[in-house]
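Engineer: Below are the chains, spelled out letter by letter.
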Amino acid sequence: MIDILRRITREPLGMIGLVLVVLIVISALLAGVIAPYDPIELRIVDRLQGPSAAHLLGTDQLGRDLFSRVLYGGQVALKVALISIGAALGVGVLFGMIAGFGPRWLDNIIMLFFDTIRSFPTVMFALATVALVGPSLETVIAVIVVTTIPNYGRVVRTQTLSIRSNEFIKAERAMGASMVRILGVHVLPNVIGPLMILASMDIPTVIALEAGLSFLGMGVKPPTPSWGSILNDGYTLIRNTPWPIIAGSIPLVLITLGFTFLGESLRDLIDPKLRKNI
Amino acid sequence: MQTKQRNKLILNPDRRQFLQTSGALGFAAATGALPQIVYAQGKKILKVRAYADMRSLDPALSQGITDEEIHSCIYSKLIQYKPGREWGWQLDAAESLEQLDDTHIKFKLKQDIMFTNGYGEMTAEDVKYSFERILDEKVESTNKPDWGSLKEVVVDGKYEGTIVFDEPYPPAWNIALPYIVGNIVCKKAWEEAGGRIDTTTPCGSGPYVHKEWQPKQKTILARNPDWHGGTAAFDEIHIFPIDDENTAQIAFESGDIDYTRVSLSAVVNLKASPPENSTVEDYPSLYYVWVGMNVENEVTSNQNLRKAIQHCIDVPSILQASYFGAAGAATGIIAPGLIGHREKSMVPPTADITKAKEYLAAAGMDSASVTLDVLNKAANVTTAQVIQATCAQAGINVDVNLHESGAFWSLGDKSAGERYKDVQLILNRFSMAPDPSYATAWFVTDQRGVWNWEWYSDAEFDKLEAAAKANSDQAARHQMYQKMQDMMEESGAYRFITHEATPVIYRNTIKPAFRPDGLPLLRNFSAA
Amino acid sequence: MNDALLTIRDLSVHYHTDRGELKAMRHVNMDVPGGSIVGVVGESGCGKSTLISSIIRLLASNAIIPCGSITFEGRDLLGLSREEMRRLRGDRISIVFQDPMSTLNPVLSIGRQMVDIQYRSSASRAHKIKRATEMLASVGISDPGSRLKQFPHEFSGGMQQRISIAMALQAEPALLIADEPTTALDATLEVQIIHLLKKLQTDIGCSILFISHHLGVIAELCDYVVVMYAGEVVEEGTTREVFHNPAHPYTERLLRCDPASIATKTRSLPTIPGEIPDLVTLPQGCIFKNRCEHVMTQCEHLVPAWIESHSGHFVSCHLAAKPGND
Amino acid sequence: MLFYLIKRLALGVVIVMLAVTLLFCMIHLVPGDPARILLGPRATPELIAGMSARMGLDQPLPIQILLFFGNLFRGDLGMDVITNRPVADMVFGQLPYTLWLIFTAIGFAMVIGIPLGCYSALHRNTLIDRVTGVLSVACITVPAFVVALYSLLIFAVTLNWFPAVGAGEQGNFWDQVRHIVLPALAIGLSWIGYLARLVRASMLEVMGENHIRTARAYGLPERVVVFRYALKLAVLPTVTVIGVGMGFLLSAALFTEIVFARPGIGKLIFDSITTRNYPVVMGSVLVSTVLFVISTTLSDLVNAWLDPRIRSSL
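Residue numbers (numbering that gives the first Met the number 0), protein chains in the order written: chain A, 0 to 277; chain B, 0 to 527; chain C, 0 to 325; chain D, 0 to 313.
Pulled out of the complex, with its shape left as it was, chain A reads as follows (with noise of 0.2 angstroms):
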């Protein structure tokens, strides 16, 4: 662990990476002691404001401070980051193995399923939802979850399968070891690999997923600070001013260089097939 992020550190990308990641969770973990003012008071007089010695990055239409709201939004991006791709790896790990361990027509009723969730646009998906149970964060996790699953799902039935058909699994069926055991001990160390830097890599889209449904009114509540919804305002905000549209897509911007980067020297490092070159 620490050797590879010893070697991360010396990949200058993966050393950015890294960085960004730290630097955002630091300062959304420290968010209340870091922001100067309170996200969610109310400043009428000092609305719209431009970046400042006072407001790094101006205020928004309700004169709250744009450079605490971003850093408060961190913690909801993270939140959203982190419960919805830590519940759609749960049960897309689970219903991996379950489709690769199983029986083939539980296999084909699983992918049956995952084919049918991917086939629904996702806005289209987070529509229905959000109507059916009103827009909050926990609406977004779970619109999130539920389309992320395929996505992890197909990635642990195939190594399922391949591992399936090893010849030492055939061999330590024969003996007897049960199912979990098998699971437990040869295909999750093998999937979690990859799995890691799929998910460090599907962070970003999560969040940018949050943003655009925020645009669409369908995010967080509100007074809530998230990114997504410092930019829906500032979308209406624009032709007034840019800056709160651009306080939104900077963090954006950020996080998503950090986790790409960080996720591709990790599979750099991690996959074999690339790391030969090294």
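Be aware that a few hints might be false.
[Said to hold, decoys possible] Partner residues are not named here, just some residues of chain D that face chain A (Cβ under 7 angstroms, in silico):
| no. | residue |
| --- | --- |
| 1 | Ile14 |
| 2 | Ala18 |
| 3 | Leu28 |
| 4 | Val136 |
| 5 | Ala137 |
| 6 | Thr140 |
| 7 | Pro142 |
| 8 | Phe144 |
| 9 | Gly246 |
| 10 | Ser250 |
| 11 | Leu253 |
| 12 | Ile272 |
| 13 | Thr288 |
Calculated directly from the structure, the hints in this document are not laboratory data. Ideal placement from N, C-alpha and C gives every residue a C-beta, glycine not left out.
Once you've looked at the hints, dock chains B, C and D against the given chain A.
Structural biologist: Chains B, C and D only, in chain A's frame:
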């Protein structure tokens, strides 16, 4: 942007009543179109924006202001709204029009008004058919209430007739004759079509004819060479449905259109540096935005709590934050310029936290927690957050629930389950036509659980509402409507916010024509 | 060995790594005489692959060559431009790789690949196809004409290796490098491939540099053998001399722990206790000292010299240098 | 091969039916009475009941589903109760605009993204690789609506190179082309970045494979090695991603159709969902899931065409 779209459809249906759209910004407003004159291929073309796509060419099935903007170009009415800053009307197909008594209006058509496509001359029979079909159950017109107590139209001659009401119906002059249900269609053509039409029309008699509809792209109107009123100003009018106000403004700036409503947030900058060769103008609007409180809900049934909340809501802050200072505070549900408008509200626009705390104490509470349901449009969300912040100062915690439009508009619907009981505070916005009866109709006892989501009920209010609609004494009506708003406010179930505003921008190559509420009268647009 | 086709002198190759310079190959000397087969033997990590890569100049991007020369047909390969080197590859020097299943491009037909590598020739396409067909036939593939249209995955591993050999020899190179061409194959196939190579070598008259860890194959095929350990050549001589008279303890151990080597096929090199030293921080003295049964005091500090223990038989060991042994 | 196609299509039909059924159930649960919303506040209960009946909403759920499939079988997607037009006409009237938009966007993305990815992979860790890396990731992130808006402000308003809104004059091909450039770029930008990263990664992977070493060992010119031997393999994942990406593309199309006021199926779906115009929702969802099935099948076929290993496993 978000706002735009989702509402659009909804808006249309009710053009009159509520508009939900985003509230402030704009989409809501049913603006229509914007023009620009293009002399392409030697043709003079007016290009305007509508906030939504056309739905029907049949006035009976008209679903809102966008449809009416088209209908008023291709059909004639006895009278039309007069462009300008004050509400008024002018003759169109009628040569004369006269209120005989409280329940009879006598009209005489101009001669030689020809329907297009060879359908012949317009007669009093056509007027009778057009008006009475609105009442016909089989036509299923949702615009039926606009005709109030219309009984029948009696034909007195080829060109003459009498409109007969069961009881006095003064709103006819404001919202029936010059508006949607006042459009005159050709009896013969409509009967041939089976009594109603959809998206093509057999004939019209207005300055323009309907040439083509490209769904979600544009509607094209072309000059009617045989128009009785002279020669229409443009060879063609192109109406583009554009939901998003940012996009509409960009379309204007890039020269794609000649006129549009613009968003309130852009107005300040536009006025400071308007695009070359264009004019920005402010018009008031008739929309009314208010916070309603459900008097039947366990929490908000406490009148003192409701009054505390009334005093907690700081309208000037909302006007700043959500409406960019471009709209004024509302004193009730009836906008300035209309009969029944109140000069001031009983609870001043500015919040009074001390008073709120007194009411809270009177309610026997030192703090409270309520929910506020809002439609997920930018302005509404901003408003909700201002309310949240000021209420917190008085110890009232407001939990904001966002809803997308489909869910929002069924919130208080008692036929859609039990959800209506959970409504506590609701930020609402209705549109209306220029007669006060249009506004008060929703707050009577019968409307509880339909559109009266506050469940406000007062026998005296109901009585006044019925009487005011049928009273032809304008001064008396004025007082009655003022009184009704007083009653609403006193109940504590309403906090009036604003009537919004309609800022428009147009190219100086055209001379636009607007109703006093800033909605375009396309048939009156001309080249500068 | 004077009129050698390929001469390697004092060749070192290092890799830049996170931990520092990895000295993968150090001061290697070697000759491949014309028309002969030279075997290179050693366990994995001994620098065999680096050796091949440096001859054909396809080293990884983090490799550097601090010293040495590679002379082929009188030209110093290290001094050639990339373009000149590229022209040499596949024409005068060809190579057959270890894992036949991944050697050929999976999405192009065999015929396409065999025609492509004749790009230097100005012959017509039909002629090139004919040439490819002949080559396939010569490596024992039946119905070569129609099989040209097939893709690698439609052939077995042994077949694919035959195709690789056909491709490598198509241009009748002067030097064929065979990098463990039989490791991935089973014993019967291995024998077939060995015989095929030998036959073709005779027909074409080329030299072969044959890399293997399988002593039996080396013994059967090669005229000369070079033993590598941890990036150094530790012994070199005729096959007969080295096998019957191993002068380096490492060679001795190799032969000893694989007594049946000539008959039995092994998947991996016979195991010798101990590990290869860290090539980033090289130990002082003899590189083999930590695993040597005969380790002596001078081995600790002194690098053994490269000496000719018999005529044409070179070794790098203090034992060989002992006066008594002379 | 034929068998495979038949199997795929049968599976596709099952997926579509499953999706539609799922949607029916969701619709059933979603609050908001479509008839009431469509007719507005002045509608009487009778009018609402009449419209509900016309939309088939007064039937029990299973009957609604059966009716839908029954009509579908006869090629009937139902009628839009608002404009009284067949839903099929509405959907197929809007579909071409979205398809052109998506194809153009993907075209941009492939023409720019694939070469960019190749270049980065072949010049790994150079300055240009890093700059394109940062740029392409940044492209991925910036939300389509922001790109759309700024491209309008820059190219339509300030520079006036392209028209701002709409899809152009019907029948005027050149005008339609001019209208598609900005929206296609707005969607395509993130795909340019995405494809560039993807191709870079798979190119790096392919370039590390043994057969590339073989090709080089035969002295094949680098040009041939890269474009004939490596690229074909490197684009395989791209094809799959584009095939599966149909859902994302439809979503992205929605945003640009809103901002550019373009006609299209994304907007049709969005509008009909928010107004609870269920017949239109069903029709357009059906078509979009069919699109997804077709595009994944197509991408599998293209992969099979490119990769003989897949071909022979079909």
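Engineer: Going by Cβ atoms only, is Thr288 (chain D) closer than 7 angstroms to chain A?
Structural biologist: The hint holds - Thr288 (chain D) has a Cβ within 7 angstroms of chain A, the shortest such distance being about 4 angstroms.
Engineer: Taking the closest Cβ pair, is Pro142 (chain D) under 7 angstroms from chain A?
Structural biologist: holds, 6 angstroms
Engineer: Hint validation: Ala137 (chain D) versus chain A, beta carbon distance must be below 7 angstroms. Holds or violated?
Structural biologist: holds, 5 angstroms
Engineer: Measuring from the C-beta of Leu253 (chain D) to each C-beta in chain A, is the shortest one below 7 angstroms?
Structural biologist: holds, 6 angstroms
Engineer: Is the hint on Ile272 (chain D) kept, meaning its closest Cβ partner in chain A is under 7 angstroms away?
Structural biologist: holds, 5 angstroms
Engineer: Holds or violated: is the Cβ of Val136 (chain D) closer than 7 angstroms to a Cβ in chain A?
Structural biologist: Holds - the Cβ of Val136 (chain D) comes within 7 angstroms of chain A, reaching about 5 angstroms at its closest.
Engineer: Under the criterion of a CB-CB separation shorter than 7 angstroms, is Ala18 (chain D) in contact with chain A as hinted?
Structural biologist: holds, 5 angstroms
Engineer: Does the nearest C-beta of chain A fall within a distance shorter than 7 angstroms of the C-beta of Phe144 (chain D)?
Structural biologist: Holds: closest Cβ of chain A sits about 6 angstroms from Phe144 (chain D), inside 7 angstroms.
Engineer: So, Ile14 (chain D) near chain A? Judge it on the closest CB pair being under 7 angstroms.
Structural biologist: holds, 5 angstroms
Engineer: Hint Leu28 (chain D) vs chain A: min CB-CB distance below 7 angstroms?
Structural biologist: With Cβ-Cβ at 6 angstroms, under 7 angstroms, it holds.
Engineer: Against chain A, run the beta carbon of Gly246 (chain D) and see if the smallest gap drops under 7 angstroms.
Structural biologist: Check passed: Cβ of Gly246 (chain D) comes within 5 angstroms of chain A, closer than 7 angstroms.
Engineer: Is the shortest C-beta separation between Ser250 (chain D) and chain A less than 7 angstroms?
Structural biologist: It holds, given that the least Cβ distance between Ser250 (chain D) and chain A is near 4 angstroms, below 7 angstroms.
In this structure, every one of the numbered hints holds.
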